[in-house]
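Heads up: the sequence lines are chains E and B, in that order. The working numbering puts the first residue of the first sequence at 1, with every later residue one more than the last. The working numbering puts the first residue of the second sequence at 1, with every later residue one more than the last.
Quick caveat, the hints were computed from the structure, so don't treat them as lab data. Some clues are possibly wrong.
[To be verified] Capping the alpha-carbon separation at 30 Å, the derived lysine-lysine pairs in BS3-like fashion look like this: (1) Lys-19(B) - Lys-19(E); (2) Lys-54(B) - Lys-55(E); (3) Lys-58(B) - Lys-133(E); (4) Lys-31(B) - Lys-182(E); (5) Lys-17(B) - Lys-167(E); (6) Lys-56(E) - Lys-11(B); (7) Lys-17(B) - Lys-182(E); (8) Lys-19(B) - Lys-63(E); (9) Lys-11(B) - Lys-60(E); (10) Lys-133(E) - Lys-319(E); (11) Lys-19(B) - Lys-24(E); (12) Lys-43(B) - Lys-319(E); (13) Lys-642(E) - Lys-790(E); (14) Lys-54(B) - Lys-60(E); (15) Lys-56(E) - Lys-19(B); (16) Lys-421(E) - Lys-54(B); (17) Lys-63(E) - Lys-193(E); (18) Lys-19(E) - Lys-11(B); (19) Lys-24(E) - Lys-11(B); (20) Lys-17(B) - Lys-19(E); (21) Lys-24(E) - Lys-55(E); (22) Lys-11(B) - Lys-182(E); (23) Lys-63(E) - Lys-17(B); (24) Lys-31(B) - Lys-63(E); (25) Lys-19(B) - Lys-167(E); (26) Lys-40(E) - Lys-31(B); (27) Lys-182(E) - Lys-60(E).
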Amino acid sequence: MLKMPNNFLNCAACAGSGKIGGGKCLSCHGLGMGIYRDKKFLYWNKIITNQELEKKKAEKFLKLFLNGISFVFSVLATLLLLWQIVENSFFGQIFTLSFWISGSPVVTLFLVSLLVDAYLIYRFSEEIAQKAKIEKKEYQDKEGEKKEEVMETLPSDWVSVRDLSSKIKINVADTFTFDAQKAVEDAFFVATKFNHGKILPLHLFIALLFSKKAAIVFGRLGVNLKEMQEKLGRQISSVGELLAEGQESVFSEELIQLFFDGYFEAYNSRREQIDIAELLLVVSRSNPIIQELLYEYEVDLDKLKNVVEWLRISEFLRKRWQKTRTLARLKPGGTMSRAMTAVATPYLDRFSQDYTMMAKYGYFAPCLGREKEIEEIFRIIEGGRQSVILIGNPGIGKSAILEGIAQRMVEEDVPKILQDKRLVNLNIGQLVAGATASEVQKRLLMICDEIARAGNIILCIQDIEGMIGITSGDKESIDLSRVLADELSQGYFFAIASARSGVYGQYIENSSLGAVLQKVTIEEPDTNGAIQILEGKAGAIEYQNKVVFSYDAISKAVILSGRYLHDRYLPEKAIEIMREVAHYAAGKRGVGTIVVGEDVAEVIAQKTKIPVTAVNEVESEKLLRLEEEMHKRVIGQEEAIKMIAAALRRARAEIREAKRPIANFLFLGPTGVGKTETAKTVSEVYFGDERNMIRLDMSEYQDQASIYRLIGAPAGNSAGLLTEAVRKNPFTLVLLDEIEKSHPDILNVFLQVMDDGRLTDNLGRTVDFTNVILIATSNAGSPAIQDGIKQGLTIEAVKEQLINTELKPYFRPEFLNRFDGIVVYRPLTSPEIEQIAGLMLAKIGKQLENKRGIVLEVTGEAVRELAAAGFDPAFGARPLRRVIQEKVEDGLTNLILTKKIERRDKVILEVGGNFRIEKGRVL
Amino acid sequence: MAQANIGVLIKSILQDKAKEILYFPFWWYGKGFLIALNFLWEKIRGMEARLGLKIWAKNLFTPMFGQRDFAGIAISFFMRVVQIIGRFFILVLWMILMAGLLLLWLGLPIFVVLGIVINLVA
Chain E
1 MLKMPNNFLN CAACAGSGKI GGGKCLSCHG LGMGIYRDKK FLYWNKIITN QELEKKKAEK
61 FLKLFLNGIS FVFSVLATLL LLWQIVENSF FGQIFTLSFW ISGSPVVTLF LVSLLVDAYL
121 IYRFSEEIAQ KAKIEKKEYQ DKEGEKKEEV METLPSDWVS VRDLSSKIKI NVADTFTFDA
181 QKAVEDAFFV ATKFNHGKIL PLHLFIALLF SKKAAIVFGR LGVNLKEMQE KLGRQISSVG
241 ELLAEGQESV FSEELIQLFF DGYFEAYNSR REQIDIAELL LVVSRSNPII QELLYEYEVD
301 LDKLKNVVEW LRISEFLRKR WQKTRTLARL KPGGTMSRAM TAVATPYLDR FSQDYTMMAK
361 YGYFAPCLGR EKEIEEIFRI IEGGRQSVIL IGNPGIGKSA ILEGIAQRMV EEDVPKILQD
421 KRLVNLNIGQ LVAGATASEV QKRLLMICDE IARAGNIILC IQDIEGMIGI TSGDKESIDL
481 SRVLADELSQ GYFFAIASAR SGVYGQYIEN SSLGAVLQKV TIEEPDTNGA IQILEGKAGA
541 IEYQNKVVFS YDAISKAVIL SGRYLHDRYL PEKAIEIMRE VAHYAAGKRG VGTIVVGEDV
601 AEVIAQKTKI PVTAVNEVES EKLLRLEEEM HKRVIGQEEA IKMIAAALRR ARAEIREAKR
661 PIANFLFLGP TGVGKTETAK TVSEVYFGDE RNMIRLDMSE YQDQASIYRL IGAPAGNSAG
721 LLTEAVRKNP FTLVLLDEIE KSHPDILNVF LQVMDDGRLT DNLGRTVDFT NVILIATSNA
781 GSPAIQDGIK QGLTIEAVKE QLINTELKPY FRPEFLNRFD GIVVYRPLTS PEIEQIAGLM
841 LAKIGKQLEN KRGIVLEVTG EAVRELAAAG FDPAFGARPL RRVIQEKVED GLTNLILTKK
901 IERRDKVILE VGGNFRIEKG RVL
Chain B
1 MAQANIGVLI KSILQDKAKE ILYFPFWWYG KGFLIALNFL WEKIRGMEAR LGLKIWAKNL
61 FTPMFGQRDF AGIAISFFMR VVQIIGRFFI LVLWMILMAG LLLLWLGLPI FVVLGIVINL
121 VA
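All chains should be modelled from the sequences, with the hints used to inform the complete structure.
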């Protein structure tokens, strides 16, 4: 239960009610319960009894009734007066006093109606004024102020509270919104219904669930409200003491304390009043039963807080939209400034868009969570009249910031230097289109000239790197960017430019442009920041697609796009996913549907081919039978199969380290024992096809320079074979065949891949290897394996010997250490070869049947004979393939070419390589 | 019992209503007057913002449309003076209107009550 703070005061005389025998309690002066915190004394003074609530209900009804009657009366009296004026042509007389005191009943009635109107104004305005507003929290930067606060002595009894100024005594009940007040009253009803003596936080929580806002919050969280209410009903019956005869439920200390917490929650988040959202947060935070219940629906406090934030963001956006609309009316729509000092810019207008005008007419979406960056830009511009360049990766929100600045310029909520100005976006594409370099430079100079004359233009240049490298090519000709830099350095106008991170370092930082542009780095938002940006965007996407987003969908869009879409950046990639998912969900389940996290997972899975959706029953069955499936292709090698199957299951159940590849395996063994075959099998069983893997024959990478074939040559434009393949298909198997043959430096590259799960290519892109299964095969130490097995050593002992001695010349210990498993493939035994022969023959039979409609049957003796002929302990199953080729495939080919066998015939292979033919039926 | 309760309820509501009605004139000339004053002041400020009088005054010597030659500056100056006078005149008219509304606020109850009394007597 909630721990009460030390300075919580509860009047013993009136038991915290503030009243004794219908009058004010003299001990606490009617305050009842209170607490001193943050230089304020909070108390709760609201009487909730059945009688009070009945009275409130009756008053509400009476108010509605009287308001209705008054309104009708006013309208009728006015109409009557107008009718009389028109009927009797009194137009000239209405401005004379005699008309108003003529004693006419109609005039009297109208005067009475005016009095009623005045009374209505009085009532409405009093009702609005009744709601106290929570004072705005001041920003405290100075340490000293905080210390002073701590030093203060806290009032610890009612006598010292009496001496406090009335200004700092706050009745928290007055700061509740109507909805929150209603919830408190409902909590009283809930407690009364269950016959409980005290109103507890749990009662309030039940009451809150009936509100519309809570329905939105829990709807977004995907909680079935009805079911939760039923569960709460079961919980509530066992808590709290029962109501005594003739008594009414009263507020418990815990609940009053929660109201105070609610006040500070609202105060800290700069809200004007305590609403359902604040109550929901503090109640859930304080009560373990509620938390336990929410966990059942996979809702933790963080999620709840983010959804409450969502409510607030929507409200904030609505208010800001209204404010912008009101202020936009004052902003001129054309090229002219309000001071009429500007000059028209017809030439510039040909190559640009007026961002302030677009913002004025509501063309831009609101810019969220970038206040800090915008303030930094303003500081630079205001401080030194310097031009600014925004540096950040694409999709991070550079354009959104520029649009946000345009919106603030419309509201004139900008430093003086930007007031009454236009933000004009210069389109580089239009500027350079259809002109030679010298013409482009001329254009730019003319534009600068216009800007100088206009005097009210802030130039915005997005992707400014497009200006670099445009020269006429003649001797001593200068670059277009240099022309702009020269103009900017003269200081008669300034610009806000933007560029991508990589490009800035490469082309701009050390150029003349770099010298005149002050750098502002725009970072990718963190997960919570991105979620809140998406919450701000959700409304428009919901409206367009007629769907509703659950919180899970939003958070999954951010988390999964962050994890699996590596080429792009937050928040843009998550917003794109959101748009796509909204469309996808609406198409799948129709309009009005709720977009859930699983929809997002499905879209991301389709895009990346990585299984990120929840494991369904079919897949779960498949995962459990993985070994069985793999053994259909790979004979023996139990250890390897078990290890791989376990790794795949762990990956799919997400019980693994997410920052490394799914698994790194090294398969050791002589040739032909099934190492590559195992990899192919994994690819077929888990990735859909045996060709769905990246196979690198490491014997092709024997020199140091071949590393560039893997990751791309420095300063080259073509990407590396490995990095590009994994970038395009991040969920795959990478097979490094015969790894001992590659150059040692290449092994170092894989050290990093195995440890960090990423690799940077020549173009500076980080390629994600965390969804890759890395299998390396090696023949190193094969003789030792064969000798060991011959000597009767166990596989474990052979492995030990290999790692300690045989592999040392090929691999460094740290390289071997990175593998999750080193599997020694033992040489195949004769029965295993027989099984393999059976599999190979079955494959040939299947091909024959599919292509020619001929059935192949092989007798047991024939299989044994072939296996015996193809068995060589030194070469594993490889010679078997040759034997089958010679004795079976060649024989069948002859039969087909000589037309001895035809469609529907059956060929039986017997001992000695004889083919017996059973003719099929003739059509 | 129930009837007694309803009686108490009605009594309590009527008491509250009576207090409310008695407070009405005090509100009208006290808190209500301040609210009306604030409302009308905001309207005046809104009109000033729309007319941009401060901006015109601040730029009195700044040439209009970037015409920095002598003729341009001279014409601008006179044009701005005319604009400022014209805009100021509109603002004054607006202020008079607002002041009228404020007077209406102050005089309305007296006028209405007197009117009703006289009419009833007549």
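Consistency of the hints with the structure:
no., hint, result
1, Lys-19(B) - Lys-19(E), "holds, 22 Å"
2, Lys-54(B) - Lys-55(E), "violated, 54 Å"
3, Lys-58(B) - Lys-133(E), "violated, 37 Å"
4, Lys-31(B) - Lys-182(E), "holds, 28 Å"
5, Lys-17(B) - Lys-167(E), "holds, 28 Å"
6, Lys-56(E) - Lys-11(B), "holds, 13 Å"
7, Lys-17(B) - Lys-182(E), "holds, 23 Å"
8, Lys-19(B) - Lys-63(E), "holds, 15 Å"
9, Lys-11(B) - Lys-60(E), "holds, 16 Å"
10, Lys-133(E) - Lys-319(E), "holds, 17 Å"
11, Lys-19(B) - Lys-24(E), "holds, 19 Å"
12, Lys-43(B) - Lys-319(E), "holds, 20 Å"
13, Lys-642(E) - Lys-790(E), "holds, 24 Å"
14, Lys-54(B) - Lys-60(E), "violated, 48 Å"
15, Lys-56(E) - Lys-19(B), "holds, 16 Å"
16, Lys-421(E) - Lys-54(B), "holds, 16 Å"
17, Lys-63(E) - Lys-193(E), "holds, 28 Å"
18, Lys-19(E) - Lys-11(B), "holds, 20 Å"
19, Lys-24(E) - Lys-11(B), "holds, 20 Å"
20, Lys-17(B) - Lys-19(E), "holds, 23 Å"
21, Lys-24(E) - Lys-55(E), "holds, 20 Å"
22, Lys-11(B) - Lys-182(E), "holds, 24 Å"
23, Lys-63(E) - Lys-17(B), "holds, 10 Å"
24, Lys-31(B) - Lys-63(E), "holds, 22 Å"
25, Lys-19(B) - Lys-167(E), "holds, 25 Å"
26, Lys-40(E) - Lys-31(B), "holds, 26 Å"
27, Lys-182(E) - Lys-60(E), "holds, 13 Å"
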